[in-house]
Amino acid sequence: MSTFITEEPTLVTDAAESTRLSSLDTLESEAIHIIREVVAEFEKPALLFSGGKDSVVMLHLATKAFWPGKVPFPVLHVDTGHNFPEVIDFRDRTVERLGLKLVVGSVQEFIDRGELAERADGTRNPLQTVPLLDAIQSNKFDAVFGGGRRDEDKARAKERILSLRDEFGQWDPRNQRPELWNLYNGRHTVGQHVRAFPISNWTELDVWRYIERENIELPGLYYAHDREVFARDGMWRAVGEVSQPLPHEEVITKTVRYRTVGDMSCTGAVESAAATVRDVVIEVAASTITERGATRADDRISEAAMEDRKKDGYF
Amino acid sequence: MTTDIDTARAAALLDEAPLASASLFRFATAGSVDDGKSTLVGRLLHDSKAILADQLDAVARTSADRGFGGAAGGIDLALLTDGLRAEREQGITIDVAYRYFATDRRSFILADCPGHVQYTKNTVTGASTADAVVVLIDARKGVLEQTRRHLSVLQLLRVAHVIVAVNKIDLVDFSESVFREIEADVQKVGRELGLGSDGITDLLVVPVSALDGDNVVERSERTPWYTGPALLEVLETLPAADELESHLESFRFPVQLVIRPQGALAPDAVAGGLDVEEYRDYRAYAGQITEGSVKVGDKVSVLTPGQDPRTTTVTGIDFAGASLEEASAPQSVAIRLADEFDVARGDTIAAAGTVRESSADLYAQLCWLSPKPLREGAKVLVKHGTRTVQALVRSVNGKLDLATFNLEGASSLELNDIGHAQLRLAAPLPLENYLHHRRTGAFLVIDPLDGNTLAAGLVKDHPGDHEDERYSI
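Those sequence lines, one after another, are chains A and B.
Residue 225 in our numbering is what sits at position 225 of the first sequence, and the numbering runs on without skipping anything.
Residue 348 in our numbering is what sits at position 348 of the second sequence, and the numbering runs on without skipping anything.
Please note that a few of the clues may not be correct.
Once the Cα atoms are required to be at most 30 Å apart in a straight line, the calculated BS3-like pairs of lysine-lysine come out as [unchecked claim]:
| hint | chain 1 | residue 1 | chain 2 | residue 2 |
| --- | --- | --- | --- | --- |
| 1 | B | LYS188 | B | LYS141 |
| 2 | A | LYS101 | A | LYS44 |
| 3 | A | LYS140 | A | LYS101 |
| 4 | A | LYS70 | B | LYS295 |
| 5 | A | LYS64 | A | LYS101 |
| 6 | A | LYS44 | B | LYS379 |
| 7 | B | LYS299 | A | LYS64 |
| 8 | A | LYS140 | A | LYS64 |
| 9 | A | LYS70 | A | LYS44 |
| 10 | A | LYS64 | A | LYS44 |
| 11 | A | LYS64 | B | LYS295 |
Which chain B residues face chain A? A few, computed with CB under 7 Å, are given here [said to hold, decoys possible]:
| hint | residue |
| --- | --- |
| 12 | GLN256 |
| 13 | PRO261 |
| 14 | ALA269 |
| 15 | LEU274 |
| 16 | TYR279 |
| 17 | ALA320 |
| 18 | GLY321 |
| 19 | SER332 |
| 20 | ARG345 |
| 21 | ALA442 |
| 22 | ILE446 |
| 23 | ALA456 |
Derived by calculation from the structure, the hints in this document are not laboratory data.
Cβ coordinates follow ideal geometry from the N, Cα and C atoms, glycine included.
All chains should be built: construct the whole structure from the sequences, respecting the hints.
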């Protein structure tokens, strides 16, 4: 060990390691600290809640942060009008159970009023930005919690935990505030708001292990079920009102599950027999495909897809 | 279209290893231009199997498009960490990027800090939360001025473990003598700084080839003269900062907010059997323990700016319905106290009698992170713990020459400068020397006009108080 300049550092013994918090407990503690900081320092926060697993975990963390009190902020959902009905049902039951206020921004209403136009590819995910910013402004939300994680994407890997947005909701990746120690700077001027990402440091596997450990309920389509699907753009698409096969696309029944539950028209299912949370944890641990690349058509458009949408005020 | 299941790997992760109790280790990387840092990070991620198939496909396509590795081809691992479009176009790294990977011993958070643009800003940011920092040196170039700057910043920030990776060892034919010479130079710089010999930090040197993978994840046969562990082994086994600090008896708990539902109890908790009567007058102080540990029955002091410390007893430690007997850093909990003091956000609860008097005079080292320079007489905000107060910059007392470690005369600080300053606070704060208290000795300097973070601040002792000479630079 001649290469150790100093005396050889003490290496961790298994005993010393076991007295430390587990990585999940450390991540949970960090997320709760951030949620409490935002509630303490902002006038009017809200939590983006889609019924997707990351937002469900966020809401669970918020209930723990303020126990035995109620979660002290409303939840905000941008409804594309193309959501899975069972996810909307899950959203409404969750809000009811926790006694929360739900604010909905509707893509359909913007389209009906002619303020948004349907895209040629039928995908509505990119259309969420306008109703989102409208809901933030009309409700005067100054902080919006999201379940974004840095392991999802290369642009997200560079985003701060508290991410400042200008009057247009835009993110300026080249001019971000340095984030030091556990001191979060959420100061903003009138018209600006902050996106807060308390589970930034979690991986997909952490999220699933936490869901398992905390026994958190999710919409059923995260688990394996039989569904009528057809193949498009290298993904399995569900047959539904907004997602109809073309004449040459054959409809078959497969055992599938979803890894994200976004817009029905662009979210693909993966073939999977993982019917329980334990099955999913093992599947995720073993999976060699990241979730966004595998199942979101809108992220495949270009290598910089996420960066462009974030600059425009997307989640 | 289907997920590719490697059940053996899943079993290794979930069953053979105690993943449920695996701990978290945060480290940062710092380096100069072209020393192969992105390649090293890519290599760590790739060889620890944190790179997933679709990411690797995208990188392989881009590598081929750009003709990386000539006719033989190959994968440019540096592409794995270039996140923003401008970075890919210009082939540089702009901002700190966070990466995640796990082995069967630990989960890692890697803060990848670019070296050439705003290196102090990036290194300070990455190092402020790091248990360890890996500094890269090009084996062909040895210790450069920038290396000295990096090591100097890491010593100031009191990073527990500094690991110097001597990269591109393949390009010096795996020469032991080249390595030993660099190692001796690093050792000399470490001694000048007090790095590795101050009982707080340690310093290791590892020869690696990020390009070929030597001594990154596996020990290399091409460096038989090196008998130490590979880089990843080092990262898997070094104690994390909170383990090293666990001997500290000094419980510190900045109060974030008061939990006082007054009847507005969570409906799901009530549905789950919470006794509504019992919780009618519930009052607890929520926060994250920044240091030490606390037990029910402990005597604590409540520190409120402008008031004498008030002593009381901890009657309960709650976390989401569970009553804990004891809690320690970095747990987030809610603490109940015996006396009904008026305690609010910004107050600190600390082990009784362990915090010296609060002070409105702040002597500090400032790492200046803004293009807007610091001038004497400036009005700023200081965020310390959970309290933000106004402050006046009374004087700038010089700046550090990071290459020579000398303090030079200066009356202003500019971007990437590290200097000494004296500030007068609008309200006294329970300030502690950063050297001994990495959380309660740290603060932010914020611009009151636009809210931007101007500086990272490290509290120093007042002149005249006993202070170790090494830190009075």
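Do the hints match the structure? See the list:
no.: 1; hint: B:LYS188 - B:LYS141; result: 16 Å, holds
no.: 2; hint: A:LYS101 - A:LYS44; result: 13 Å, holds
no.: 3; hint: A:LYS140 - A:LYS101; result: 15 Å, holds
no.: 4; hint: A:LYS70 - B:LYS295; result: 27 Å, holds
no.: 5; hint: A:LYS64 - A:LYS101; result: 18 Å, holds
no.: 6; hint: A:LYS44 - B:LYS379; result: 28 Å, holds
no.: 7; hint: B:LYS299 - A:LYS64; result: 26 Å, holds
no.: 8; hint: A:LYS140 - A:LYS64; result: 26 Å, holds
no.: 9; hint: A:LYS70 - A:LYS44; result: 15 Å, holds
no.: 10; hint: A:LYS64 - A:LYS44; result: 19 Å, holds
no.: 11; hint: A:LYS64 - B:LYS295; result: 21 Å, holds
no.: 12; hint: GLN256; result: 4 Å, holds
no.: 13; hint: PRO261; result: 4 Å, holds
no.: 14; hint: ALA269; result: 5 Å, holds
no.: 15; hint: LEU274; result: 6 Å, holds
no.: 16; hint: TYR279; result: 5 Å, holds
no.: 17; hint: ALA320; result: 4 Å, holds
no.: 18; hint: GLY321; result: 6 Å, holds
no.: 19; hint: SER332; result: 4 Å, holds
no.: 20; hint: ARG345; result: 5 Å, holds
no.: 21; hint: ALA442; result: 5 Å, holds
no.: 22; hint: ILE446; result: 6 Å, holds
no.: 23; hint: ALA456; result: 5 Å, holds
The structure fails none of the hints (numbered hints given earlier).
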